[in-house]
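Student: Below are the chains, spelled out letter by letter.
There are 2 protein chains.
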Amino acid sequence: MAMNVLVIGSGAVGSFYGALLARAGVHVSLLCRSDYAHVKRHGITINSLLGSWQFKPAQVLHSSAEWQGPADVLLLCTKLVPGLDQAALIRPFVDAQTAIVFIQNGVDIEPELQAAFPDNEVVSGLAFICCNRMAAGEIEHLAYGRLVLGNVPGFVSAKTAQLAALFIRAGIDCQATADIVAARWQKCVWNAPFNPLSVLSGGLPTLTILQNQEALVRNIMHEVVAIAAASGHQLPANVVDDNITKTYNMPPYKTSMLLDAERGQPLETEAILGNAVRAAHRLGVACPHLHTLYALLKLRELSAIC
Amino acid sequence: MAMNVLVIGSGAVGSFYGALLARAGVHVSLLCRSDYAHVKRHGITINSLLGSWQFKPAQVLHSSAEWQGPADVLLLCTKLVPGLDQAALIRPFVDAQTAIVFIQNGVDIEPELQAAFPDNEVVSGLAFICCNRMAAGEIEHLAYGRLVLGNVPGFVSAKTAQLAALFIRAGIDCQATADIVAARWQKCVWNAPFNPLSVLSGGLPTLTILQNQEALVRNIMHEVVAIAAASGHQLPANVVDDNITKTYNMPPYKTSMLLDAERGQPLETEAILGNAVRAAHRLGVACPHLHTLYALLKLRELSAIC
Numbered sequence: 269m270a271m272n273v274l275v276i277g278s279g280a281v282g283s284f285y286g287a288l289l290a291r292a293g294v295h296v297s298l299l300c301r302s303d304y305a306h307v308k309r310h311g312i313t314i315n316s317l318l319g320s321w322q323f324k325p326a327q328v329l330h331s332s333a334e335w336q337g338p339a340d341v342l343l344l345c346t347k348l349v350p351g352l353d354q355a356a357l358i359r360p361f362v363d364a365q366t367a368i369v370f371i372q373n374g375v376d377i378e379p380e381l382q383a384a385f386p387d388n389e390v391v392s393g394l395a396f397i398c399c400n401r402m403a404a405g406e407i408e409h410l411a412y413g414r415l416v417l418g419n420v421p422g423f424v425s426a427k428t429a430q431l432a433a434l435f436i437r438a439g440i441d442c443q444a445t446a447d448i449v450a451a452r453w454q455k456c457v458w459n460a461p462f463n464p465l466s467v468l469s470g471g472l473p474t475l476t477i478l479q480n481q482e483a484l485v486r487n488i489m490h491e492v493v494a495i496a497a498a499s500g501h502q503l504p505a506n507v508v509d510d511n512i513t514k515t516y517n518m519p520p521y522k523t524s525m526l527l528d529a530e531r532g533q534p535l536e537t538e539a540i541l542g543n544a545v546r547a548a549h550r551l552g553v554a555c556p557h558l559h560t561l562y563a564l565l566k567l568r569e570l571s572a573i574c
Numbered sequence: 269m270a271m272n273v274l275v276i277g278s279g280a281v282g283s284f285y286g287a288l289l290a291r292a293g294v295h296v297s298l299l300c301r302s303d304y305a306h307v308k309r310h311g312i313t314i315n316s317l318l319g320s321w322q323f324k325p326a327q328v329l330h331s332s333a334e335w336q337g338p339a340d341v342l343l344l345c346t347k348l349v350p351g352l353d354q355a356a357l358i359r360p361f362v363d364a365q366t367a368i369v370f371i372q373n374g375v376d377i378e379p380e381l382q383a384a385f386p387d388n389e390v391v392s393g394l395a396f397i398c399c400n401r402m403a404a405g406e407i408e409h410l411a412y413g414r415l416v417l418g419n420v421p422g423f424v425s426a427k428t429a430q431l432a433a434l435f436i437r438a439g440i441d442c443q444a445t446a447d448i449v450a451a452r453w454q455k456c457v458w459n460a461p462f463n464p465l466s467v468l469s470g471g472l473p474t475l476t477i478l479q480n481q482e483a484l485v486r487n488i489m490h491e492v493v494a495i496a497a498a499s500g501h502q503l504p505a506n507v508v509d510d511n512i513t514k515t516y517n518m519p520p521y522k523t524s525m526l527l528d529a530e531r532g533q534p535l536e537t538e539a540i541l542g543n544a545v546r547a548a549h550r551l552g553v554a555c556p557h558l559h560t561l562y563a564l565l566k567l568r569e570l571s572a573i574c
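Which chain is which? The protein sequence lines are C and Z, in order. Throughout, this note's numbering is defined as the position within the first sequence, counted from one, plus 268. Throughout, this note's numbering is defined as the position within the second sequence, counted from one, plus 268.
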C-alpha cells in the first residue's frame, strides 16, 4: 500500500519535496493557505533541474476539517518564524502512527515537537536547496536539493529509511543519518555567518562577504563549532576550512535570509541565531560574534516594525 | 590684537564654532567648497539655542590661492572619511605660528597630524553637539555644544587656554584638558556602540537600541574601556554605567552616523571603529563585538557602492 504523506506548508520547500514524493508514487496531500483555490483547481507546476512536471495532490486542504487521514508521514515545511505555534498547527493531523518529519532551518528545534508529541516518531530534516515560489502553484527549483533526514534523538527508523529511498527514487540525493543534530550544527556553521551578514550588510552575496571579511566569517564559524562540541556534537576538524573553500567555489549566492528580507518577510532569526546563542549561554560557551549578529537582527526587526 | 582663525570645513560643526569665535571678537575666516558663492555674498545664518546671528567671515576662501595669512589657529572641522588627505588639505594654510586645532570624531586620530606637522602646536578637540546644515549658509544648532580641547600628547598650551576662554565668552561650555586622548576614548565609549548600532539596525534611535540590547551595548562599551586602559588611559570605573544612565535619560536620538547614512554620505567608520579595532589588535586586547560591528560597517559600505 502506498504511503500517505500530508505536507504542511505549501511554500517552495514543501511543494517541491511533496511533488518529488508524489512522483515516486506516494499519496501526497497538501495543506494550503493562501494558494488554496489555485492549487485545488490546477495543482502545482514544478520547474526543476530534474525536469518539469505537474503535482496534483491527493487532497488539497484549507483546514483540518476536510482532512481524511490518517497520515503515515506528516511533512512539516513551514518557516520557523515568531508567532507560529507549530504543535497546534499540526495536532489535528497527527495520529498514533504518524511520523512527524520536519524540513526546516535552524538548530535545537527538535525539542519543541518532541515535547508536544512524545509518543510519535519525530524526524528532523535538512534541505540544501535553492528553490522559489514564483506565483501561486508555480515552483522553480534552481539548484542543489540534497536532503538529510534522521530520527531524534539519534537513530534511523524503518520509515525514515523508506522515505530516503523514495526521495532518491524521485531523483534527489537523500541521506539518512543517525546523528541529525550534528548535521544541523554543521549546516549552522555556514548559516550562522552568511545569513545574518547578507542581511546586515545591506544585501551582499556570499562571495563578496567572504572576500572582504573572511576573518569575521571564520570567527563566527568557530563559535558554532564550539557550541556544537559543548552540546556533545564534535564536528569534523576541517569543517570551517571546508565551508570557506566551498563558499569560495560557489557562485555568488543570495542567502535565504536575504531573500526573506528583500521580500519583507519575517526572518528565521530565532531558529538560526537565537537558538545557537541560547545553547551557548546554557553551556557556558562564549560567542560574542554570534551574539552581536543576533542582537543586530533583533534590532533590525524592531526598525522594520517602527 | 585679535586672534586670526581660519576654519577649514564649512559644514555644521565648522560653521557653528567659527561663528561662536567671531561672536567673541576673533577674526574668523572660512574655507568653503560647495557653498562658497552663497557664503561669500550672504555669510552664514546661525539659528541656535544661544540666539540667532549672522556670521560674516573675515575672508571667505575657495582655495589657498586667495588666503591672506598667517593664521594663529587653524580650526579643522572636516569629517574623517576615506580619501581625505587632511595634511595636504591644510598644508598651504599652516605657518610656523599656526596651532592646528581639530574638532573631529574618533580615536587615535592625532598621530597623522602630529607626524605631518611636527613643529606645530596640535590641539585635539571633541564636540558634544547636535547641529545641522539646513541649506547653503544656514546652520541649525539643536542641542548641547560642549567642547573639550587639549594639546597632544597631553598638556594645555596658552593658546588652547585662550581659545577655551573665547568659546566660553561666546556662550558655549569649553573645557581644556591635559589628557585629551583619554577624553577621546571616553567619548568613544558612547560612540562605538550607538553609532554603528543605529545604522546597522536600520535606523533605530538610541533609546530603542538601549532598551532592547543593553547587554550588547555594555559589552561594546567594556571593550572600548579595555582598549583605552591598554593604551595607557584608565577611564573612570563608572564610565559604562554613567553612559548607560545618561542614554536612558536622553531624548531618543539619531546618531551622527545614522544621519550620514540617511543622507547617503560616507560614514566615519575608520575614525570611530577602525582605529579602535586597530589599537586593540596592536595592544593585544580582544574586541570581538567591536570587530563584528566594524566588519559589518565595511560590508555595508561595499553594498552601498555595488
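I should point out that these hints are in silico values taken from the structure, not numbers from a laboratory. Note that this is a predicted model, so its numbers are computed, not measured. Among the hints, a few may not be true.
Unchecked claim - Some chain Z residues judged to face chain C by a derived CB distance under 10 angstroms, without partners named:
1) Glu334
2) Asn400
3) Gly470
4) Gln481
5) Ala483
6) Leu484
7) His501
8) Tyr516
9) Val553
10) Pro556
11) His557
12) Leu561
13) Leu567
Virtual Cβ for every residue (Gly too), placed ideally from N, Cα, C.
Student: Measuring from the C-beta of Z:Pro556 to each C-beta in chain C, is the shortest one below 10 angstroms?
Tutor: Interface hint status for Z:Pro556: holds (4 angstroms vs cutoff 10 angstroms).
Student: Should the hint that Z:Leu561 touches chain C count as held when the rule is a Cβ pair under 10 angstroms?
Tutor: 7 angstroms, holds
Student: Going by Cβ atoms only, is Z:Leu567 closer than 10 angstroms to chain C?
Tutor: 4 angstroms, holds
Student: Can we keep the Z:Tyr516 interface hint, with Cβ of chain C closer than 10 angstroms?
Tutor: 17 angstroms, violated
Student: Using the nearest Cβ pair, does Z:His501 come within less than 10 angstroms of chain C?
Tutor: Hint violated; Z:His501 Cβ to chain C Cβ min 23 angstroms, cut 10 angstroms.
Student: Would the hint on Z:Gln481 stand, with a C-beta cut-off of 10 angstroms toward chain C?
Tutor: 5 angstroms, holds
Student: Tell me if the interface restraint on Z:Ala483 is satisfied: Cβ within less than 10 angstroms of some Cβ in chain C.
Tutor: 8 angstroms, holds
Student: Minimum Cβ distance from Z:Leu484 to chain C below 10 angstroms?
Tutor: 4 angstroms, holds
Student: How about Z:Gly470: closest beta carbon in chain C under 10 angstroms, or not?
Tutor: Holds: closest Cβ of chain C sits about 4 angstroms from Z:Gly470, inside 10 angstroms.
Student: Per the CB criterion, is Z:Glu334 less than 10 angstroms away from chain C?
Tutor: 41 angstroms, violated
Student: Hint validation: Z:Asn400 versus chain C, beta carbon distance must be below 10 angstroms. Holds or violated?
Tutor: 22 angstroms, violated
Student: For the hint on Z:Val553, does the least C-beta distance to chain C fall short of 10 angstroms?
Tutor: Hint on Z:Val553: violated, closest Cβ of chain C at ~13 angstroms, above 10 angstroms.
In this structure, the hints that do not hold are numbers 1, 2, 7, 8, 9, in rising order.
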